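Participant: The lines below spell out each chain.
There are 2 protein chains.
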Amino acid sequence: MTGNRIESRQFREIRAAHYQISLIIETKIISLILIVEKVQISPRKPALVPDHTGDKTMADFIPPAHNTASPFADMRGHHVAVRTPDLETAKRWYVEKLDFRVVAEWDYADEQLAYLAPATDDHFYVEILGGGDPSPADVRPYTDLGDSLKYAGYHHFCLNVASVDATVEALRARGVTIVTEPFELLAISRRLAFFCDPFGNLIELAEVLP
Amino acid sequence: MTGNRIESRQFREIRAAHYQISLIIETKIISLILIVEKVQISPRKPALVPDHTGDKTMADFIPPAHNTASPFADMRGHHVAVRTPDLETAKRWYVEKLDFRVVAEWDYADEQLAYLAPATDDHFYVEILGGGDPSPADVRPYTDLGDSLKYAGYHHFCLNVASVDATVEALRARGVTIVTEPFELLAISRRLAFFCDPFGNLIELAEVLP
Numbered sequence: 001m002t003g004n005r006i007e008s009r010q011f012r013e014i015r016a017a018h019y020q021i022s023l024i025i026e027t028k029i030i031s032l033i034l035i036v037e038k039v040q041i042s043p044r045k046p047a048l049v050p051d052h053t054g055d056k057t058m059a060d061f062i063p064p065a066h067n068t069a070s071p072f073a074d075m076r077g078h079h080v081a082v083r084t085p086d087l088e089t090a091k092r093w094y095v096e097k098l099d100f101r102v103v104a105e106w107d108y109a110d111e112q113l114a115y116l117a118p119a120t121d122d123h124f125y126v127e128i129l130g131g132g133d134p135s136p137a138d139v140r141p142y143t144d145l146g147d148s149l150k151y152a153g154y155h156h157f158c159l160n161v162a163s164v165d166a167t168v169e170a171l172r173a174r175g176v177t178i179v180t181e182p183f184e185l186l187a188i189s190r191r192l193a194f195f196c197d198p199f200g201n202l203i204e205l206a207e208v209l210p
Numbered sequence: 001m002t003g004n005r006i007e008s009r010q011f012r013e014i015r016a017a018h019y020q021i022s023l024i025i026e027t028k029i030i031s032l033i034l035i036v037e038k039v040q041i042s043p044r045k046p047a048l049v050p051d052h053t054g055d056k057t058m059a060d061f062i063p064p065a066h067n068t069a070s071p072f073a074d075m076r077g078h079h080v081a082v083r084t085p086d087l088e089t090a091k092r093w094y095v096e097k098l099d100f101r102v103v104a105e106w107d108y109a110d111e112q113l114a115y116l117a118p119a120t121d122d123h124f125y126v127e128i129l130g131g132g133d134p135s136p137a138d139v140r141p142y143t144d145l146g147d148s149l150k151y152a153g154y155h156h157f158c159l160n161v162a163s164v165d166a167t168v169e170a171l172r173a174r175g176v177t178i179v180t181e182p183f184e185l186l187a188i189s190r191r192l193a194f195f196c197d198p199f200g201n202l203i204e205l206a207e208v209l210p
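Going line by line, the protein sequences match chains A and B. Quick note on full-length UniProt numbering: the first sequence kicks off at 1 and runs consecutively. Quick note on full-length UniProt numbering: the second sequence kicks off at 1 and runs consecutively.
Hints are computed from structural coordinates only; laboratory data are not their basis. All of these numbers come straight from a predicted model, not from anything done at the bench. Any given hint could be a false lead.
Here are the simulated SDA-like cross-link-like pairs (lysine to any residue), alpha carbons at most 25 Å apart as the crow flies [stated by the list, open to error]:
1) K150/B with A65/A
2) K150/B with G200/A
3) K97/B with S70/A
4) K91/B with F61/B
5) K150/B with V139/B
6) K150/A with S135/B
7) K97/B with K150/B
8) K150/B with D147/A
9) K150/B with F61/B
10) K97/B with E111/B
11) K91/B with A65/A
12) K150/B with C196/A
13) K91/B with Q20/B
14) K97/A with V176/A
15) K91/B with G146/A
16) K150/B with W106/A
17) K150/A with D165/B
18) K91/A with F61/B
Computed Cβ-Cβ distance ranges for the label pairs, DEER-style [said to hold, decoys possible]:
19) G175/A with G175/B: 25 to 35 Å
20) K150/B with D165/A: 22 to 32 Å
21) L209/B with V102/A: 36 to 46 Å
22) Q20/B with R9/A: 17 to 27 Å
23) G175/B with L186/A: 33 to 43 Å
24) L209/B with D165/A: 36 to 46 Å
25) E105/A with D165/B: 22 to 32 Å
26) F61/B with S135/A: 24 to 34 Å
Stretch by stretch, here's where chain A covers chain B in the computed footprint (C-beta under 8 Å, at least three residues) [unchecked claim]:
27) 97-105
28) 129-139
29) 147-153
30) 174-188
31) 196-208
Backbone N, C-alpha and C define an ideal beta-carbon position, used for all residues, glycine too.
Looking at chain A on its own, in the form it has when it is part of the complex (with noise of 0.2 Å):
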């Protein structure tokens, strides 16, 4: 009875250890499953795609799958060129009005150049290509948006924003010229606004709507 007992005791502190062993990797597996969970949750979202930098996603149209057997798989998108009379002007007017950075600056013939990227992106780029002689002639005036699409070629180019509205504002706080007021596009979910630099060149903000 005694053996019996001191048994019956083991048996009842290893019944009672493993059941503490067991509770403690029970958390540790829940605790692993978060992660995990929360690591791959963003990818496998339906109906979401990550911005390039990785830091956001936007619920937005989902892309066809990469066509990886193309002779044209490795097509990056790097910036978009506008020609415009003078570097300087369109530089100044990227840095201290939109915060862009200054990534590069060079000459070529007699023209000045720059790469310029917004605040946080370094995947889409804005080149200048100023100076040079004859001076661009502005050959597409426009009176409002609707008009400026009567010319054929490059229009504008787009950054998404978290808010239209709110970018809108502190735009125009810093005497930024809005050419279009924030409205609704329910096509392609999204909320827009179009404002211009000092050429008139147009530029589209975009917020993808929830």
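Assemble the complex: chain A is given as a structure, and chain B must be docked to it using the hints.
Facilitator: Using the frame of chain A, we list chain B on its own:
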């Protein structure tokens, strides 16, 4: 003794069962840790500027530090838009000649629009602004790249590629008009070329030289 033997047997059986369970749990934990590591490793890679798909790096200009304090810290380049007489011609050309993917199509008033994405780049779109009355007029004819610089406004957009020469040959084989044959611009360590869409809109190719 019988009771003792029964408890001893139970004891051994329970220990064996617990051992097996702990082995299973250990295996599960290891798998979970491997998943966590696999998922977390890639964003941690150091050094060179990764392109925005994260699957390739290129030696290139290092952009200045992010200005996270800017009210425009959320600006992300999304697309460049081109105004064309009709959506179909532009869309077909991008899809058939450049292997772009159609991300979205929609109507706005009497116009037809689309977002198109390069074969494997989900973070830089071309927007086609097609159709509408009046049909957009081409007020910027040019004879060559140098001549095209006489007009102010958006001039081209640029796609980075692994080899400008290989891309130019593949485009030529598909009947695409090459406007400027490959040349090197050492000021920015790049090999460049220009081609155009059916409406004469210029597209630059850039290869970052080692």
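Participant: Next step is simple, just say for each hint if it's right about the structure.
Facilitator: Going through the hints against the structure:
1. K150/B with A65/A: Roughly 40 Å between the alpha carbons, so the hint for K150/B and A65/A is violated.
2. K150/B with G200/A: OK: K150/B and G200/A at ~17 Å, within 25 Å.
3. K97/B with S70/A: Holds: K97/B and S70/A sit about 10 Å apart, inside 25 Å.
4. K91/B with F61/B: Violated: K91/B and F61/B sit about 33 Å apart, past 25 Å.
5. K150/B with V139/B: 12 Å, holds
6. K150/A with S135/B: 7 Å, holds
7. K97/B with K150/B: 28 Å, violated
8. K150/B with D147/A: 23 Å, holds
9. K150/B with F61/B: 28 Å, violated
10. K97/B with E111/B: 23 Å, holds
11. K91/B with A65/A: Holds. K91/B to A65/A sits at ~18 Å (cutoff 25 Å).
12. K150/B with C196/A: 21 Å, holds
13. K91/B with Q20/B: With a Cα-Cα distance of about 61 Å, the restraint between K91/B and Q20/B is violated, given a limit of 25 Å.
14. K97/A with V176/A: 7 Å, holds
15. K91/B with G146/A: 22 Å, holds
16. K150/B with W106/A: Holds. K150/B to W106/A sits at ~19 Å (cutoff 25 Å).
17. K150/A with D165/B: 36 Å, violated
18. K91/A with F61/B: It holds: about 18 Å lies between the C-alpha atoms, which stays within 25 Å.
19. G175/A with G175/B: 25 to 35 Å: The hinted range 25 to 35 Å is violated for G175/A and G175/B, with Cβ atoms some 48 Å apart.
20. K150/B with D165/A: 22 to 32 Å: 39 Å Cβ-Cβ, so the 22 to 32 Å window is violated.
21. L209/B with V102/A: 36 to 46 Å: 21 Å, violated
22. Q20/B with R9/A: 17 to 27 Å: 25 Å, holds
23. G175/B with L186/A: 33 to 43 Å: Distance hint for G175/B, L186/A holds at roughly 39 Å.
24. L209/B with D165/A: 36 to 46 Å: 44 Å, holds
25. E105/A with D165/B: 22 to 32 Å: 27 Å, holds
26. F61/B with S135/A: 24 to 34 Å: Distance hint for F61/B, S135/A holds at roughly 27 Å.
27. 97-105: With 6 residues close enough to chain A, the hint holds.
28. 129-139: That given contact holds, which follows from 7 residues of the stretch 129-139 of chain B lying within Cβ reach (below 8 Å) of chain A.
29. 147-153: This one holds; 5 residues, not fewer than the three required, reach chain A with a Cβ under 8 Å.
30. 174-188: holds (count 3)
31. 196-208: holds (count 4)
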